[in-house]
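Visitor: Each chain is listed here by its residues.
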Amino acid sequence: MPPFEQDLPSALERQGVSRRDFLEFCSLMVATLALPTRYLDKVVAALSQPQKPVLVWLEFQDCAGNTESMLRSSHPPVADVVLDLLSWEYHETIMAGAGKQAEASLQRVVKEEKGKYIAIVEGAIPTADDGVYCTIAGRTALDIAREVCSNSAANIAVGACAWDGGLVRANPNPTGALGLQEAVPGVPVVNLGGCPHNVANTAAVLVHYLTFHEMPALDQYNRPLFAYGAIIHDQCERRAHYDAGRFVEEWGDEGSRKGWCLYKMGCKGPLATYNCPSVRWNDGTSWPVKAGHGCIACAAHRFWDWSSPFYKRLPKVPGFGVDVTAENIGWGVVGAVAGVTAVHAVGSIIRGNVSKLDSQKEGRSKEGSKPASPEA
Amino acid sequence: MNAAAQSAARVASPVSGENIVRVYVWEWPVRIAHWVIFLSIVVLSFTGYYLYDPFIISRGHDAFVMGTMRFIHEVTGFTFIAAFLLRLYWFFKGNRWARWRQFLLVDPEQWRGARNMLRYYLFLRRQPESRVGHNPLAGATYATIYTFIFIEVLTGLALFNHVRHSAVLGFFIGWLPSLIGIQYLREIHFLIMFILVAFFVHHIYSAWLMSIEERSGLMGSIFSGYKNLPADFLAADPASRHEREFPIVGPGWAYWRHRGKTHGQKSTAAGSRSGTSGR
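First to last, the sequence lines map onto chains A and G. Just so you know, the first sequence maps onto residues 1 to 376 in my numbering. Just so you know, the second sequence maps onto residues 1001 to 1279 in my numbering.
In short, the hints are calculated from the structure, not lab data. There could be a bad hint or two in this list.
Restricting the straight-line Cα-Cα distance to at most 25 Å, the calculated cross-link-like pairs of lysine to any residue (SDA-like) are [as the list claims (entries may be wrong)]:
| no. | chain 1 | residue 1 | chain 2 | residue 2 |
| --- | --- | --- | --- | --- |
| 1 | A | Lys316 | G | Leu1179 |
| 2 | A | Lys114 | A | His213 |
| 3 | A | Lys356 | G | Phe1160 |
| 4 | A | Lys316 | G | Arg1126 |
| 5 | A | Lys312 | A | Cys195 |
| 6 | A | Lys316 | G | Leu1218 |
| 7 | A | Lys361 | G | Tyr1052 |
| 8 | A | Lys312 | G | Glu1213 |
| 9 | A | Lys316 | G | Tyr1184 |
| 10 | A | Lys356 | G | Leu1218 |
| 11 | A | Lys312 | G | Leu1191 |
| 12 | A | Lys312 | G | Phe1064 |
| 13 | A | Lys316 | G | Ser1178 |
| 14 | A | Lys356 | G | Glu1213 |
| 15 | A | Lys312 | G | Val1065 |
| 16 | A | Lys258 | G | Gly1060 |
| 17 | A | Lys356 | G | Gln1127 |
| 18 | A | Lys312 | G | Val1197 |
| 19 | A | Lys312 | G | Gly1181 |
| 20 | A | Lys42 | A | Trp88 |
| 21 | A | Lys316 | G | Phe1046 |
| 22 | A | Lys361 | G | Gln1127 |
| 23 | A | Lys356 | G | Trp1208 |
| 24 | A | Lys356 | G | Phe1046 |
| 25 | A | Lys316 | G | Phe1160 |
| 26 | A | Lys316 | G | Tyr1121 |
| 27 | A | Lys312 | A | Val334 |
| 28 | A | Lys356 | G | Ser1206 |
| 29 | A | Lys116 | A | Cys195 |
| 30 | A | Lys290 | G | Tyr1052 |
| 31 | A | Lys312 | G | Leu1124 |
| 32 | A | Lys316 | A | Pro288 |
| 33 | A | Lys312 | G | Ser1206 |
Below, a sample of chain G positions facing chain A; criterion: calculated Cβ distance under 10 Å [claimed, not checked]:
| no. | residue |
| --- | --- |
| 34 | Thr1144 |
| 35 | Thr1147 |
| 36 | Ile1151 |
| 37 | Val1153 |
| 38 | Leu1154 |
| 39 | Arg1186 |
| 40 | Tyr1205 |
Predicted model, so just to flag it, every value in this text is computed and none were measured. Beta carbons are placed, not taken as given, at the ideal position from N, Cα and C, and that holds for glycine.
Next up, chain A with everything else stripped away, as it sits in the complex (with noise of 0.2 Å):
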């Protein structure tokens, strides 16, 4: 990246970002963070001054899909002045430098920016066996991610692997592994969970941060509120059919060729929080619901194991076969009970009668013939 001294405006038209491409993205994010509009005046001023924070991204156990949607949002706004926004001193799978040297830009910002830089964090820390199945540079995941997020001024951990561990914490978890704020407990932390993370929502956090020297408001989980504050089942634009009743029942149905709910098809959408409806993907153009599949609820916590099975409406009861579903053992507990109930009315008919028997044989109308007393 060729380093500039001047604003980011006309740093960015240098590179073909013209001041319209700027201010639609300053928009952009201010709609992203629910602000009022008078706030785009101050995003754009604090944007275009010549602050250029460090930024360092770090990658332990992941796939790199939250870098892979960093760097492909296609629209050249987001990623161009993402980039540009911040300075990127350490991130290994984009950077230039290799190896020892790499490791020294990191080491760098650690020591001279210390309580200034910004860390991003992608994928899950392996906590088990000290550690070991994550090393960088001979380190372990988790002494970098000690060393790292506790001299920084801010971090943010992308994706579901930062932040609850994701795919790698699913069970088993062999590796022990943890999200962020688990592993590395004491540090302040925004969650952005996701599979992968919306570059829309990180990059609107980043700014929040530039223009106001602070995090947005954040939820139990960490999670900025502008993001994950409301469930996507009511934002989804097949919600009306949902509360008229009209349901996709086979993948290629009738309902589903008419775009109508997906709830019987195992949609997580009443169970998630985000705002994958209004922000979509691919530059706005669309996200699952609307291209016919059902949610998976990817930025709901530890969604590997809680929102499985991904196309059935309930979780497997453990300790069941798979192909037992928590109705058929609410079925079979009322099954049982009726069962023991008939059974046991046939043998209160046949006691009855042997009672009134025994009442003929000793020539009393009434039974009595047993001591009464509770001790009987």
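Once you've looked at the hints, dock chain G against the given chain A.
Guide: Relative to the frame of chain A, chain G by itself:
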């Protein structure tokens, strides 16, 4: 062993020519709560099952099937909670047969009764262990069912607040979804429905069986509140000890009071409290 104690354990039968009295056992809050809970469980089970598996696929342009089902489910759910709270209140305010002690096996006498009742159900004993109110095994069963109902209420409110985002509701049950994932809350909520349905089957049967055994107008008593019982059976009722017990302090108070009574009133209590004197 005196006569009163014998009839306490014996099957109460109007045919015997004993002195039958009409006893107001189930007060109106108990009956109201019982029927509201029953009716709302019927409605909640049907609508709840539809929420799990929407088996009606509508086609009209003005259809609002799922919306209606959810509305009914939520409104009925809160009605259900109201009835449940009324019943909880009556655990502490009601008469001796509605009190919380009737539902917990806190006395050795209750343990013995529950064991005898279990033996009756297993055909190991001829006579059921009858009581004026609930027999101890029935009381323990209801306590279990109330626990399931309580879990159902908690999970239901948590699921409701997942949509509603109420700060007040979140204050009370906000801890639950972060402890157990929403999907598992749904699953628990769904599975307990089947437990309640299974209990319904058992409850109808055991009430029918007991009404035949006891001949005290058991089935009618949940409508009218009255049972027909022999006078000495009523006098020997073990529950009479718990009549005016202070509710919150519970077992400690009961212990203290019980001690006081056994020391102070031993000679006079032989007739009225014979249920314990046989121990």
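Visitor: If a hint holds in the structure, say so; if it does not, say that too.
Guide: Now for the hints, and whether the structure bears them out:
no.	hint	verdict
1	A/Lys316 / G/Leu1179	holds (18 Å)
2	A/Lys114 / A/His213	holds (17 Å)
3	A/Lys356 / G/Phe1160	violated (55 Å)
4	A/Lys316 / G/Arg1126	violated (44 Å)
5	A/Lys312 / A/Cys195	holds (20 Å)
6	A/Lys316 / G/Leu1218	violated (42 Å)
7	A/Lys361 / G/Tyr1052	violated (57 Å)
8	A/Lys312 / G/Glu1213	violated (47 Å)
9	A/Lys316 / G/Tyr1184	holds (9 Å)
10	A/Lys356 / G/Leu1218	holds (22 Å)
11	A/Lys312 / G/Leu1191	holds (16 Å)
12	A/Lys312 / G/Phe1064	holds (23 Å)
13	A/Lys316 / G/Ser1178	holds (19 Å)
14	A/Lys356 / G/Glu1213	holds (13 Å)
15	A/Lys312 / G/Val1065	holds (21 Å)
16	A/Lys258 / G/Gly1060	holds (14 Å)
17	A/Lys356 / G/Gln1127	holds (13 Å)
18	A/Lys312 / G/Val1197	holds (23 Å)
19	A/Lys312 / G/Gly1181	holds (16 Å)
20	A/Lys42 / A/Trp88	holds (24 Å)
21	A/Lys316 / G/Phe1046	holds (22 Å)
22	A/Lys361 / G/Gln1127	holds (18 Å)
23	A/Lys356 / G/Trp1208	holds (19 Å)
24	A/Lys356 / G/Phe1046	violated (43 Å)
25	A/Lys316 / G/Phe1160	holds (22 Å)
26	A/Lys316 / G/Tyr1121	violated (34 Å)
27	A/Lys312 / A/Val334	holds (22 Å)
28	A/Lys356 / G/Ser1206	holds (21 Å)
29	A/Lys116 / A/Cys195	violated (28 Å)
30	A/Lys290 / G/Tyr1052	holds (23 Å)
31	A/Lys312 / G/Leu1124	violated (46 Å)
32	A/Lys316 / A/Pro288	holds (24 Å)
33	A/Lys312 / G/Ser1206	violated (37 Å)
34	Thr1144	violated (13 Å)
35	Thr1147	violated (16 Å)
36	Ile1151	violated (15 Å)
37	Val1153	violated (19 Å)
38	Leu1154	violated (18 Å)
39	Arg1186	holds (6 Å)
40	Tyr1205	holds (5 Å)
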